[in-house]
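Enquirer: Residue numbers (our numbering), protein chains in the order written: chain A, 84 to 257; chain X, 1125 to 1227.
Think of the hints as simulated: they come from the structure by calculation, not from any bench.
Treat the hints with care, since some could be wrong.
What the hints assert, rightly or not - In silico lysine-lysine, BS3-like type, Cα no more than 27 Å apart, as pairs:
{"hint": "1", "chain 1": "A", "residue 1": "Lys243", "chain 2": "X", "residue 2": "Lys1215"}
{"hint": "2", "chain 1": "A", "residue 1": "Lys161", "chain 2": "X", "residue 2": "Lys1214"}
{"hint": "3", "chain 1": "A", "residue 1": "Lys198", "chain 2": "X", "residue 2": "Lys1223"}
{"hint": "4", "chain 1": "X", "residue 1": "Lys1214", "chain 2": "A", "residue 2": "Lys243"}
{"hint": "5", "chain 1": "A", "residue 1": "Lys161", "chain 2": "A", "residue 2": "Lys243"}
{"hint": "6", "chain 1": "A", "residue 1": "Lys165", "chain 2": "X", "residue 2": "Lys1223"}
{"hint": "7", "chain 1": "X", "residue 1": "Lys1214", "chain 2": "X", "residue 2": "Lys1226"}
{"hint": "8", "chain 1": "A", "residue 1": "Lys209", "chain 2": "X", "residue 2": "Lys1223"}
{"hint": "9", "chain 1": "A", "residue 1": "Lys198", "chain 2": "X", "residue 2": "Lys1214"}
{"hint": "10", "chain 1": "X", "residue 1": "Lys1223", "chain 2": "A", "residue 2": "Lys161"}
{"hint": "11", "chain 1": "A", "residue 1": "Lys165", "chain 2": "X", "residue 2": "Lys1226"}
{"hint": "12", "chain 1": "X", "residue 1": "Lys1215", "chain 2": "A", "residue 2": "Lys218"}
{"hint": "13", "chain 1": "X", "residue 1": "Lys1215", "chain 2": "A", "residue 2": "Lys161"}
{"hint": "14", "chain 1": "X", "residue 1": "Lys1226", "chain 2": "X", "residue 2": "Lys1215"}
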Amino acid sequence: MSPFFIITGIVTLLGAAFAMSLRNLVHCVLAMAVAFSGIAALYLQLDAQFVGFAEILVYVGAIAILIVFAILLTRSGKAPEKSVLTSGAWTSVILIPVFFGVLAWAILHSSAVPKDLPPAPVATVKNVGDALMTKFVLPLEIIGLVLTAAMIGAVIIALKEDSQKPKSEDGGQQ
Amino acid sequence: MTPLQACLLISALLFAIGFAGAVTRRHAILVLIGIELMLNAANLNLIAFWRFGPHPEALTGFIFVLFSMAMAGAEAAVGLALIIAIYRHKKTSNLDEVKELKG
């Protein structure tokens, strides 16, 4: 386990912690982008280069921008004056550490974890493309269908509800 | 501690942070960010088991993560569209104020 791996893990976890604890939503999204970049670096160190770059493209590129757009569209870019936590948030102070403790205990005491380090696998873009086009071609088609359905559904949900009424032409509202 | 256990611990902590944020924060977009963090923790698990598992040449965990990322993209698009629709309807994105279905 190289020191670079540990540093990347710490940066990822700090980004995630800040993304979940800052008050201003735009800062939260920036911290989330840091966390996703850290996860991409972890993927690169785990010999999954294609997934690492796809992570940067999808999460740091697309989803972060999408979330920033949603924040600005819902006018919640300023930090709220009231509490940012839900009314029952205090229970998670107990539940979340217990949850993580159980997971960590299971990970550290599991007998299923292999002790020997296997050699680095080769996952070139050619291998991945071959696998996607032969063994996984049906899931690939289904994921295309799902993405199309999700895109159409998102557009329909976000459409103006009263678009047929003439009074809804409020062009001055940005 | 083996590298696999280090990856699993990082991903467990990431999942716990995302879970804590998703259940405690009031803003709908932050709940979505928490869900994305949890999904990424699961993806990191899959990649770690692919890398340190017995048959990495089969590329199963690797392809699974690619599909999971596509599903996460679809989920984020629909989730943000729902948040925008709720904001247009109720002029709020505070989850404590959206409780029509509460029994």
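Enquirer: Does each hint fit the structure? Answer for all of them.
Expert: Hint by hint, here is what the structure shows:
1. Simply put, lysine 243 of chain A and lysine 1215 of chain X have alpha-carbon atoms about 14 Å apart, close enough for the 27 Å limit, and the pair holds.
2. With a CA separation close to 19 Å, the supplied pair lysine 161 of chain A and lysine 1214 of chain X stays within the 27 Å bound.
3. Taking the CA atoms of lysine 198 of chain A and lysine 1223 of chain X, the gap is about 50 Å. The hint is violated against a cut of 27 Å.
4. With a C-alpha separation of about 14 Å, the suggested pairing of lysine 1214 of chain X with lysine 243 of chain A holds against the 27 Å cut-off.
5. Restraint check: the Cα-Cα separation between lysine 161 of chain A and lysine 243 of chain A comes to about 25 Å, which is no more than 27 Å; the hinted pair holds.
6. Among the hinted pairs, lysine 165 of chain A with lysine 1223 of chain X is consistent with the structure: their alpha-carbon atoms are about 19 Å apart, no more than 27 Å.
7. Note on lysine 1214 of chain X and lysine 1226 of chain X: the hinted pairing holds, with a Cα-Cα distance of about 16 Å set against a maximum of 27 Å.
8. Only pairs whose Cα atoms come within 27 Å are accepted, and lysine 209 of chain A paired with lysine 1223 of chain X is rejected, the gap being roughly 50 Å.
9. For the proposed pair lysine 198 of chain A and lysine 1214 of chain X, the alpha carbon gap of about 55 Å is over 27 Å, so the pair is violated.
10. Only pairs whose Cα atoms come within 27 Å are accepted, and lysine 1223 of chain X paired with lysine 161 of chain A is accepted, the gap being roughly 24 Å.
11. Restraint check for lysine 165 of chain A and lysine 1226 of chain X: the C-alpha separation of about 23 Å stays at or below 27 Å, so the hint holds.
12. Only pairs whose Cα atoms come within 27 Å are accepted, and lysine 1215 of chain X paired with lysine 218 of chain A is rejected, the gap being roughly 48 Å.
13. Restraint check for lysine 1215 of chain X and lysine 161 of chain A: satisfied, since their Cα atoms lie roughly 15 Å apart, inside the 27 Å limit.
14. Restraint check for lysine 1226 of chain X and lysine 1215 of chain X: satisfied, since their Cα atoms lie roughly 19 Å apart, inside the 27 Å limit.
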